[in-house]
Amino acid sequence: MARMKFACDAERCIECNGCVTACKNEHEVPWGVNRRRVVTLNDGVPGEKSISVACMHCSDAPCMAVCPVNCFYRTDEGVVLHDKDVCIGCGYCSYACPFGAPQFPAAGTFGVRGKMDKCTFCAGGPEANGSQAEFEKYGRNRLSEGKLPACAEMCSTKALLAGDGDVVADIFRTRVVQRGKGAEVWGWGTAYGSKKAGQAPEGAKS
Amino acid sequence: MMTTVLRIIGVVAVVGLAACGEKPQTLGAGKTDVSPYQGGESAFATPGWKAGDKTSWEQAMKARALNTQNEYNRTR
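Protein chains in written order, with the numbering used here: chain X, 7 to 212; chain S, 15 to 90.
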């Protein structure tokens, strides 16, 4: 198996926020914390584009590099997770992440900041798979139930894809061939590496 | 001469034993996580794969991804 990856098809995303709602409901994420968000560029202008953004589970994750207490780890499936028992809520990961994935609850152990919370690719955390302790800290562990992330499975237009990187790439390739356009996936190069990683496409406004 | 050697041995022993008293300072990654293919305590696991069998889990995940996310499979 390759590594678990997300990809959002900007040609299909209709900014319905179904993925955001699915995530919040599945994991009972507290008020003020959004593990996933929908970002729209040129909102209201004809030709606007939306993408659903969360932790991209980077191959070379900046959050892991800057964490002073080494609370992050990567699973064999390529999912970047963290240990909330170790996190000190410093916020370095928040500054390092190019996707704004790390979130900090307003009510937590450290007052206004709290321990970091982020998308887990529905893979829970270091606690026992599917246990109550894991659910309370990290939310549902759908991978251990044989399921894919709730956000992608709930996506009505199938703009948001999740799963084994090879399978996701196959699905996306089929689409591009069928419709004959839209080969670029925003964020892919930044998270997973490419010659143009982090560079805006030509003609982009922002 | 003998006294000096004994003193050196004593200092080395004290320094060595002091190191044995240090607590481990490993953090974060020292904790291990169980792979999802091992299954879990949830009663809502999908059928079609066996907990602990990595290959069957991978096949089930691949089939689920293709069946639920690639509508071209269904419209063919």
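Incorrect hints may appear among the rest.
Covered stretches of chain X (in silico footprint by chain S; criterion: 3 or more residues with CB under 8 Å from a CB of chain S, positions within the stretch not fixed) [stated by the list, open to error]:
| hint | segment |
| --- | --- |
| 1 | 21–27 |
| 2 | 40–50 |
| 3 | 53–65 |
| 4 | 72–85 |
| 5 | 148–156 |
Derived EDC-like pairs: lysine to aspartate or glutamate, alpha-carbon spacing no greater than 16 Å straight-line [said to hold, decoys possible]:
| hint | chain 1 | residue 1 | chain 2 | residue 2 |
| --- | --- | --- | --- | --- |
| 6 | X | K30 | X | D172 |
| 7 | X | K164 | S | E85 |
| 8 | S | K68 | X | D91 |
| 9 | S | K76 | X | D172 |
| 10 | S | K68 | X | E32 |
| 11 | X | K143 | X | E32 |
| 12 | S | K68 | X | E151 |
| 13 | S | K76 | X | E32 |
| 14 | X | K121 | X | D91 |
Here are the computed distance ranges between Cβ atoms for each label pair [stated by the list, open to error]:
| hint | chain 1 | residue 1 | chain 2 | residue 2 | range |
| --- | --- | --- | --- | --- | --- |
| 15 | S | F58 | X | V39 | 34 to 44 Å |
| 16 | S | P61 | X | P68 | 33 to 43 Å |
| 17 | S | A27 | X | V75 | 28 to 38 Å |
Simulated from the structure, these hints should not be mistaken for lab results.
Even glycine gets a Cβ: it sits at the ideal position worked out from N, Cα and C.
Against the structure, the hints come out as follows:
Residues of the segment 21–27 of chain X lying with their CB closer than 8 Å to a CB of chain S number 0, which falls below the three-residue condition for coverage. Using a Cβ-Cβ cut-off of 8 Å, 0 residues of the segment 40–50 of chain X lie near chain S, which falls short of the minimum of three, so the contact claim is violated. Here's how the segment 53–65 of chain X fares: 0 of its residues keep a CB closer than 8 Å to some CB of chain S, so the rule of at least three is not met and the hint is violated. Coverage of the segment 72–85 of chain X by chain S holds [criterion: at least 3 residues with CB-CB distance below 8 Å; count 9].
Residues of the segment 148–156 of chain X lying with their CB closer than 8 Å to a CB of chain S number 6, which satisfies the three-residue condition for coverage. Between K30/X and D172/X the alpha-carbon distance is near 27 Å, which puts this suggested pair outside the 16 Å criterion. As the CA atoms of K164/X and E85/S are separated by approximately 8 Å, the hinted pair is consistent with the 16 Å bound. Distance hint between K68/S and D91/X is unfulfilled; the C-alpha atoms sit about 28 Å from each other, more than 16 Å.
This hinted pair checks out: K76/S and D172/X have alpha carbons roughly 9 Å apart, not beyond 16 Å. In summary, the hint linking K68/S to E32/X is not supported, as the alpha carbons are separated by about 25 Å, beyond the 16 Å threshold. This hinted pair checks out: K143/X and E32/X have alpha carbons roughly 13 Å apart, not beyond 16 Å. Simply put, K68/S and E151/X have alpha-carbon atoms about 13 Å apart, close enough for the 16 Å limit, and the pair holds.
With a CA separation close to 22 Å, the supplied pair K76/S and E32/X exceeds the 16 Å bound. Between K121/X and D91/X the alpha-carbon distance is near 9 Å, which keeps this suggested pair within the 16 Å criterion. The hinted window of 34 to 44 Å between F58/S and V39/X is violated, with their beta carbons roughly 24 Å apart. Distance hint check for P61/S and P68/X: the Cβ-Cβ separation is about 39 Å, which falls inside the suggested range of 33 to 43 Å.
In this structure, A27/S and V75/X meet the distance hint of 28 to 38 Å, their C-beta atoms being roughly 34 Å apart.
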